[in-house]
Amino acid sequence: MANPDLDTLRLSPESLALIDAEIAKYPADQKQSAVMGALRIAQMEKGWLKPELIEYVADYLEMPAIAAYEVATFYNMYDTQPVGRHKITVCTNLPCALMGANEIAEHLKKRLGIGFGETTEDGRYTLKEGECMGACGDAPMCLHNNHAMHTHLTPEKVDELLDKLK
Amino acid sequence: MSLLKPTPQVCSWTQALDHPASLATYVANGGYQALRRVVTEQMPADVIIGELKTSALRGRGGAGFPTGLKWSFMPRAFPGDKYIVCNSDEGEPGTFKDRDILRYNPHQLIEGMAIAGYVLGARVGYNYIHGEIFEIYEIFERALKEAREAGYLGDQLFGTDFCFQLHAHHGYGAYICGEETALLESIEGKKGQPRFKPPFPASFGLYGKPTTINNTETLASVPWIVQHGGQAFLELGKPNNGGPKLFSVSGHVNKPGNYEVPLGTPFSELLQMAGGVRNGHKLKAVIPGGSSAPVLPGAIMMDCTMDFDSIAKAGSMLGSGAVIVMDETVCMVRALERLSYFYHEESCGQCTPCREGTGWMYRIIHRIEHGQGRTEDLELLNSVAGHIGGHTICALGDAAAMPVQSFLKHFGDEFAYHVEHKRCMV
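Residue numbers (the working numbering), protein chains in the order written: chain A, 3 to 168; chain B, 4 to 429.
It is worth saying that the hints were derived from the structure and are not from the lab. Incorrect hints may have been included.
As the list claims (entries may be wrong) - If the Cβ cut is set under 8 Å, some of the chain A residues that face chain B in the computed set are:
hint, residue
1, 27
2, 71
3, 72
4, 73
5, 96
6, 125
7, 150
To be verified - Derived coverage of chain A by chain B (criterion: at least 3 residues anywhere in the stretch with Cβ under 8 Å from a Cβ of chain B; other residues may be distant):
hint, stretch
8, 38 to 52
9, 77 to 83
10, 158 to 167
The beta carbon of each residue, even a glycine, is placed where N, CA and C say it ideally should be.
Make a model of the complete structure from these sequences and hints.
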């Protein structure tokens, strides 16, 4: 690896164990299949995917770095730019919009003082506009850090959520 | 609502029970008996495919292709690796039914996939789950662990030679991966760009091996059909449209949610189950099969029954069964603007007509919505849509074109009003 800064990139034994569990799902000669999971695990630990981290993951999976970059930039839940500690993604697609998602998005923008694709100055929140999350019946909704889905949102529920996230 | 008794609920029956997703609940209600029977009695694959054909089970992911026919394409005798893949990459706006199967009835899907593995000669399966429902992915991973520990997945099942391994794979934010060959690319650890067909996955699929890909609801219906027979499933629906189906109802209804009803149920009844149009408003329009399906005016929908043939006859598609309901307050220009943005955002960029055309259509609709439309725009929109549809590797191009064409066809006067008056008529 060309990067001198290896120690700050190295993933924890816990993360590596999780990546190994992903690798085990696929045929022995198809380690690249684990890249979706591995990039997610790396992002969970380090916050976002800087180029050197993507290279580290590619090395670990014995795949070309460019192929891992392609994946990291193609799928929109990977963050290839720094994000706040709490990334909040709001779906505004048609079914959600019919059920009040734009009002929720406006409330979030006002509360946080930022627009879509922006991060608060204190690095606490990033707000993103999302596409269909496959949970339209529970709209309006948002996704917190690519993981917890908060559904049936009202401005009050949004306030409660924001107050809980430090 | 046991799996043993024919009931109209094939996929959602566990929801009425305590701990619906648990192995104990599933097994206590007859779960995994179909798999046990198939494997221990060494039921011939042709017999099961025959039952599927009788059942008139049609793919629940959107295309409505007959499942028995699809399974018969698989070269079962081909030596070497073969795969069964489940498409749980549910991201078609309006669709949220597979999420409920995964979180309330994961074992029925696992059982269906194991039976598919047996029939198709696949010893390994993957379930590709939409990345945004990561909590549901974790529920499914737990169900897999339970099934392995109980001996329903793994080596030498029920003391026979049959081995079947099943794994979960997650997406991470790409609508296009719901397209089956993009999904295969994604499992291989690549960008989700659809492949040219032919070759079809049955001959060149995952890792270049014969592969069958079915939707979650389709595979989850298989144990029921094996247990009760294809004829019983067919009788739950109507000819050529076997079984019940999950309909995801969203938008302007009082009780949005999933409703599993027999194919052929009048739309008016489904709307009533979903609590009717919100606040007593008037029904304006319905997208009956997910955002890619052509929109239909409410009056036409009220005469339709919910099955593949009736909706096709009315000029749309049953698709994934995602019913997006819009009341009289909806501006159709704004609604289409948001859908067009989605297709532009999610185009994988591989084919020029889709990559360039989706952005072009979005920009035209955006300017109409913002009072800058030109008189020639409606014709231009139809022309661009016409040049995308049918000219791309995968169906995303058609999916982007059909909403545009149908919104203009049925609600063209609203678009013309926007252009002429620089504002909305609603």
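Hints and how they fare:
{"no.": "1", "hint": "27", "verdict": "holds, 4 Å"}
{"no.": "2", "hint": "71", "verdict": "violated, 10 Å"}
{"no.": "3", "hint": "72", "verdict": "holds, 5 Å"}
{"no.": "4", "hint": "73", "verdict": "holds, 6 Å"}
{"no.": "5", "hint": "96", "verdict": "holds, 5 Å"}
{"no.": "6", "hint": "125", "verdict": "violated, 22 Å"}
{"no.": "7", "hint": "150", "verdict": "holds, 7 Å"}
{"no.": "8", "hint": "38 to 52", "verdict": "holds (count 4)"}
{"no.": "9", "hint": "77 to 83", "verdict": "holds (count 4)"}
{"no.": "10", "hint": "158 to 167", "verdict": "violated (count 0)"}
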